[in-house]
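Chains as they are written, first to last, in our numbering: chain A, 1 to 315; chain B, 1001 to 1282; chain C, 2001 to 2237.
Errors might be hidden in some of the hints.
Stated by the list, open to error - With a cut-off of at most 27 Å between alpha-carbon atoms, the simulated DSSO-like pairs for lysine-lysine come out as follows:
#, chain 1, residue 1, chain 2, residue 2
1, C, Lys2131, B, Lys1087
2, C, Lys2018, A, Lys309
3, A, Lys142, A, Lys124
4, A, Lys277, A, Lys22
5, A, Lys22, A, Lys124
6, C, Lys2018, B, Lys1084
7, C, Lys2018, C, Lys2008
8, B, Lys1087, A, Lys309
9, A, Lys277, A, Lys309
10, A, Lys277, B, Lys1118
11, C, Lys2131, B, Lys1269
12, A, Lys22, A, Lys73
Calculated directly from the structure, the hints in this document are not laboratory data.
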Amino acid sequence: MRRTALLLAALAVALALPLFLKNFTLFQLTLVMVYAVAILGLNLLTGFNGQFSLGHSAFYAIGAYTAAILMDKFDLPYPLTLPAAGAACLVVGFLFGLPALRLEGLYLALATFALAVATPQILKFSAFEDLTGGVQGITILKPDAPFGLPLSQDQWLYYFTLAVSIVMFWAASNLVSSRTGRALMAIRDNPLAARSMGVDTALYKSLAFGVSALYTGVAGALGAIVIQFVAPDSFTFFLAVSFFVGLVVGGVGWIPGALFGGLFILFVPNWAEHISKGLAWAVYGIILILLIYIMPSGAAGFVRAVTAKLQRRAS
Amino acid sequence: MELFLNQLLAGLATGGIYAAIALAIVMIYQAIDHLNFAQGEMAMFSTFIAWQLLQWGVPYWATFFLTIAVSFVGGIAIERIVFKPLKNAPVLSHIVVFIALFSVFNSLAGFIWDYSIKSFPSPFGGLHQVGMIAVTLLLLVGLYVFFQYTRIGLAMRAAAANPESARLVGVRVGWMVALGWGMAAAIGAVAGMMIAPVVFLEPNMMLSILLYGFAGAVVGGLTSPGGAVVGGFSVGILENLAGTYVPYVGSELKLTIALVLIVAVLVVKPSGLFGRRAVVRV
Amino acid sequence: MTTLLEAKNVAAFYGATKALHGVDLTLEEGSITTLLGANGAGKTTTLRALCGLIRTEGEIRFAGTRIDGRVTEDIVRLGIAHVPEGRGTFVRLTVEENLQLGAMTRRNRAEIAADIERVYEHFPRLKERRKQQAGTLSGGEQQMLAVGRALMLRPRLMLLDEPSFGLAPLVVQELFEILRTVNRESGVSLLLVEQNADLALEAADRAYLIETGRIVMAGSAAELRADEGVRRAYLGY
């Protein structure tokens, strides 16, 4: 009950924001949602299935490039690139998940990290240059608002991304509370017990990889549309590390956490640069350490502690 | 054939670099049960300290040992100041702190010493590669003796393997972890000072080296210092041979090919070539 | 007889959850005391509280000095050896290294070597497997290793958490025989937590009964054995 009220209030605020904010701020908030969807994908894998990835920038890149190539070479309308990017990443993620089944913890981290490091190199690879545009990348056009709606391009993209994000978050929370979601969490908590209960752990783990990649791929496609540009060096391992930071800062295994993570990875680096240009990343690192001091389990733990306190006071 | 031998030797030389850093990685893994993503940046920072000392006119070997000492103390300080208060935080939060340290050291080095490339002297003159490999092997032997034959080495292994049991026999686990950090930082400093004459000194020098070092450590098996050294050398050789012999794509996708091979090794042998799987009875 | 360990009104916490609600215990020097109770009554928690593995309130004295609030590593140095639930084996280390670790607080190498030999006399099977990874030992052997490791401290008091758990009856008999010998010959006091009440009461001089974090009965082992309620609930006849 209270949850529904809270969600409706948040929705009302989100809908009203474009009326008050500058286009650039809207653009930033749109990117926050894009990152949130990407982090949500990572959360489904790490938070709910216990598999570790430092390579999600690869799936983000595949999503972005799928969208950009389909728009650039095949004139596909931009909304249709999202399912295409999602499908491509579902397949790639699932396939990557198969060998990854044999790896755990740090070994999986290294394998995924290798994927992240290799991605820009593959994107730059000369044999694919006709398709990918090589080092130059691909520039795409910013879409106008449809049906003659009186919205600026940034406002329209904000609403478009908001709608997609809502669908993605809604689907994720349904997935997590479904039978499949319980199987995923059972595997995370006790793989042996899950197997003995008849859960096909191999299938579910690969599937988790696929679905996680799908989410991050859709985010990549959205990101490409919003930024109007894709190039290999936007998808280095640094992006993968950022997603990971966003995941932990937001809270592992807590769906709304992705939103906090998105806010963090977009705004805090800017803010750090504002404090000191030369030492921006040192400031970022120190903010990050202090944050983990205050909230060792990210925003999730913090919110839980606050609600627990409020409930105790109420009763 | 001559090309092959040349590439093999070149691979051994770069492999020596990876082996040194892989050793530092395994070292800290033994002590804290984590991979430290900031390890490379710590080593880079130590090397800059050495460079600064040399600039001030301190003789090479004095600089060498002074840097090791400073790094050792610095490693302990990082553990005590940053990680001790976080000992109950979740594992993933620790990894985020490693990432934070990474950016702090990288940014700080760039701020203090700027991003221009600096040359770093070698104590071995023209035989630097040989000297570097010798130093790496010497370190390896030293570590083996330390862990296998000293009480404090045994205590460190116990503290890493089973902290609560270790406390129950009186091992001061917190200090063992700090000591592990100190030693890893010191080994990293040695690695950095050996690597810098080859790749030159600049804040981003360790990025790809660290990745290969990880790969070497993981391929060799994270529980085995000897394995890490062998793993480091094999990764170096592999990288060079792939660049030369895999037709067409080789030079451009050298890194990718090396990584794919490493992942392939892991899929076949998930605990690395020399890693021990603990045998446990339930 | 002198008092070796005394706990007064000890409470213990897991995070914010209170798991012990005022436990009082007195152990005599050189005695065998047993702490009985059902699963989840607080037996393991009591042992963990005594050696500082969890946060406590109340007063704990060992040989006259306050030990509550001190860290485990210091409590161990006073001569309290804890054989934990699950045996606490260092599975990747060898049997001999496990024993070496037990003597971590001691300095004299010759004495340590002699004590290792003594442990091997008690448990010849450990000697056969001295170079083997401890994780490869059977459950019974690991329990012996845990007791051996505790003896390497030269403790004044040993806390034993369900040493009979998961062991074959013959192995249990052998183990308890050795524990009694250690108690008699070296004067080591024992605090024994057991599910197997019959076994524990037979070995013990004194017994406590714990229920939901509170001591509900204390007396000589014979008194508890004779008690109707104890017999029905814990001895099963």
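Within 27 Å, alpha carbon to alpha carbon, are lysine 142/A and lysine 124/A?
With Cα atoms ~24 Å apart, lysine 142/A and lysine 124/A stay inside 27 Å; holds.
Given hint lysine 309/A paired with lysine 1087/B - CA-CA distance at most 27 Å
holds (24 Å)
Regarding the pair lysine 2018/C and lysine 1084/B, is the alpha-carbon distance no greater than 27 Å?
Distance of about 25 Å is within 27 Å: holds.
Below or equal to 27 Å on CA atoms is what counts here, so check lysine 2018/C against lysine 309/A.
holds (18 Å)
Is it true that the CA of lysine 277/A sits at most 27 Å from the CA of lysine 22/A?
Answer holds: lysine 277/A to lysine 22/A is near 25 Å, not above 27 Å.
Are the Cα atoms of lysine 2018/C and lysine 2008/C separated by 27 Å or less?
Holds, because 16 Å separates the two Cα atoms, which is no more than 27 Å.
For lysine 2131/C and lysine 1087/B, compute the direct alpha-carbon distance and say whether it is at most 27 Å.
It is violated: about 33 Å lies between the C-alpha atoms, which goes past 27 Å.
Tell me if the straight-line CA distance from lysine 277/A to lysine 309/A falls inside 27 Å.
violated (40 Å)
Next pair to validate is lysine 277/A with lysine 1118/B; report whether the Cα-Cα distance is within 27 Å.
holds (23 Å)
Need the status of pair lysine 22/A, lysine 124/A: alpha-carbon distance at most 27 Å?
violated (36 Å)
Keeping to a limit of 27 Å between CA atoms, is the pair of lysine 22/A and lysine 73/A held or broken?
Since the Cα atoms of lysine 22/A and lysine 73/A sit roughly 33 Å apart, the hinted pair is violated (cutoff 27 Å).
Does the structure keep lysine 2131/C and lysine 1269/B at a Cα separation of 27 Å or less?
Roughly 26 Å separates the two Cα atoms, so the pair holds.
Comparing the model with each numbered hint stated earlier shows that hints 1, 5, 9 and 12 do not hold.
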